[in-house]
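Order-wise, the sequence lines are chains V and L.
According to the numbering used here, the stretch in the first sequence is residues 1 to 218, in order.
According to the numbering used here, the stretch in the second sequence is residues 1 to 74, in order.
These aren't lab readings, by the way, just hints derived from the structure by calculation.
Wrong hints could be hidden among the right ones.
[To be verified] Computed list of lysine to aspartate or glutamate pairs in EDC-like fashion (alpha-carbon distance at most 20 Å, straight line):
no., chain 1, residue 1, chain 2, residue 2
1, L, 71, V, 67
2, V, 111, L, 38
3, V, 116, L, 31
4, V, 167, V, 132
5, L, 33, V, 132
6, V, 116, L, 38
7, L, 30, V, 92
8, V, 111, L, 31
9, V, 88, L, 48
10, V, 32, L, 38
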Amino acid sequence: MGRVKMQKTRALTRWVNDPSKVLPKETLLLRKRNHWYLLVQPLSFATLIFFAAIFFISYFFFQIFNDLLLFIITLLIVLMVYINTVIKFLADWYCHFYVLTSRRIMEITYKPLFSKNMNNVIINQVKSTEIDVEMEGMLAQLLDIGSVIVTFDRPTHQQEFYMHSIKDPKSVGFLLTEQLDQARIDNIESPVWVRTKDKDNRLRFIEEIFPGESVRLA
Amino acid sequence: MEYARIILILYIVAFFVLIIIAIYSWLYRKDLKKTTGELRIPLPGISEKILFAITIISILSLIFVGATIIKFFY
Numbered sequence: 001m002g003r004v005k006m007q008k009t010r011a012l013t014r015w016v017n018d019p020s021k022v023l024p025k026e027t028l029l030l031r032k033r034n035h036w037y038l039l040v041q042p043l044s045f046a047t048l049i050f051f052a053a054i055f056f057i058s059y060f061f062f063q064i065f066n067d068l069l070l071f072i073i074t075l076l077i078v079l080m081v082y083i084n085t086v087i088k089f090l091a092d093w094y095c096h097f098y099v100l101t102s103r104r105i106m107e108i109t110y111k112p113l114f115s116k117n118m119n120n121v122i123i124n125q126v127k128s129t130e131i132d133v134e135m136e137g138m139l140a141q142l143l144d145i146g147s148v149i150v151t152f153d154r155p156t157h158q159q160e161f162y163m164h165s166i167k168d169p170k171s172v173g174f175l176l177t178e179q180l181d182q183a184r185i186d187n188i189e190s191p192v193w194v195r196t197k198d199k200d201n202r203l204r205f206i207e208e209i210f211p212g213e214s215v216r217l218a
Numbered sequence: 001m002e003y004a005r006i007i008l009i010l011y012i013v014a015f016f017v018l019i020i021i022a023i024y025s026w027l028y029r030k031d032l033k034k035t036t037g038e039l040r041i042p043l044p045g046i047s048e049k050i051l052f053a054i055t056i057i058s059i060l061s062l063i064f065v066g067a068t069i070i071k072f073f074y
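Extracted from the complex, chain V is given alone in its bound form:
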């Protein structure tokens, strides 16, 4: 079986469902969506508006304009708008997930017909300083919902990768910790010098910023 290459075509996440190694030394470890509980509020709100609209049009077409046909057509329109809205909420939730492989962390947010976002962090190109797991509230404890925040520290600025409202965040946090601990920065590609914003001290050794992390040149 030959090597499968990442295609530059529309099948950007060809390997998402493929558990086999796609790139050398890359293994798919995790794919997780947001918890279903996030759907409860928008769906409840949409349902409330739907019933309010039915009440309003019933009053409008029976008390003011006595027209049964127009009432049926309006009811049909309201029902189709409601169903389209529910399907949109479900599809947006369904097509939003986080992927962890042995070499990268990705957040994929595809909203059909509206937007497409892909956030890709290559593990061996960043240094992780913190992995936080947050589970706040009684409901979060009961349903095991939480968020995982990975903070990356680069010489010039910090970045966060946020996994929002996922199920079983503790095990995801532990898995991420293992992967980020195992990642090794490529010594040849790591810069020895870093340009800082400090005017008096423009260039600094990596060793000064990260003591004990010496860079060995090949």
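Fit chain L to the known structure of chain V by using the hints.
Below, chain L without anything else, positioned relative to chain V:
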């Protein structure tokens, strides 16, 4: 007369809303199939069927409302 005019306007508004619903549900169904294909995840079959049904119902309602509007003028 005023009553009839208001009813006519409501039918015309319903006509255009049905056009928008038909186009939106058809485009959304197409893009949903394309998106799940790109992501290599299963297509939610029930959603796809419901969207197709909505498209058909909107088009049929559109024809009916259009005929009603024309009938108003005759």
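Hint by hint, here is what the structure shows:
1. For a cut-off of 20 Å, the pair hint linking residue 71 of chain L to residue 67 of chain V stands: about 16 Å separates their Cα positions.
2. Pair hint residue 111 of chain V plus residue 38 of chain L holds up; C-alpha atoms about 12 Å apart against a cutoff of 20 Å.
3. Distance restraint check for residue 116 of chain V and residue 31 of chain L: the Cα-Cα separation of roughly 11 Å lies within the 20 Å cut-off, and the hinted pair is therefore satisfied.
4. Distance restraint check for residue 167 of chain V and residue 132 of chain V: the Cα-Cα separation of roughly 15 Å lies within the 20 Å cut-off, and the hinted pair is therefore satisfied.
5. With a C-alpha separation of about 36 Å, the suggested pairing of residue 33 of chain L with residue 132 of chain V is violated against the 20 Å cut-off.
6. At most 20 Å may separate the alpha-carbon atoms for a hinted pair to count; residue 116 of chain V and residue 38 of chain L meet this at roughly 11 Å.
7. For a cut-off of 20 Å, the pair hint linking residue 30 of chain L to residue 92 of chain V stands: about 15 Å separates their Cα positions.
8. With a CA separation close to 9 Å, the supplied pair residue 111 of chain V and residue 31 of chain L stays within the 20 Å bound.
9. As the CA atoms of residue 88 of chain V and residue 48 of chain L are separated by approximately 11 Å, the hinted pair is consistent with the 20 Å bound.
10. Only pairs whose Cα atoms come within 20 Å are accepted, and residue 32 of chain V paired with residue 38 of chain L is accepted, the gap being roughly 17 Å.
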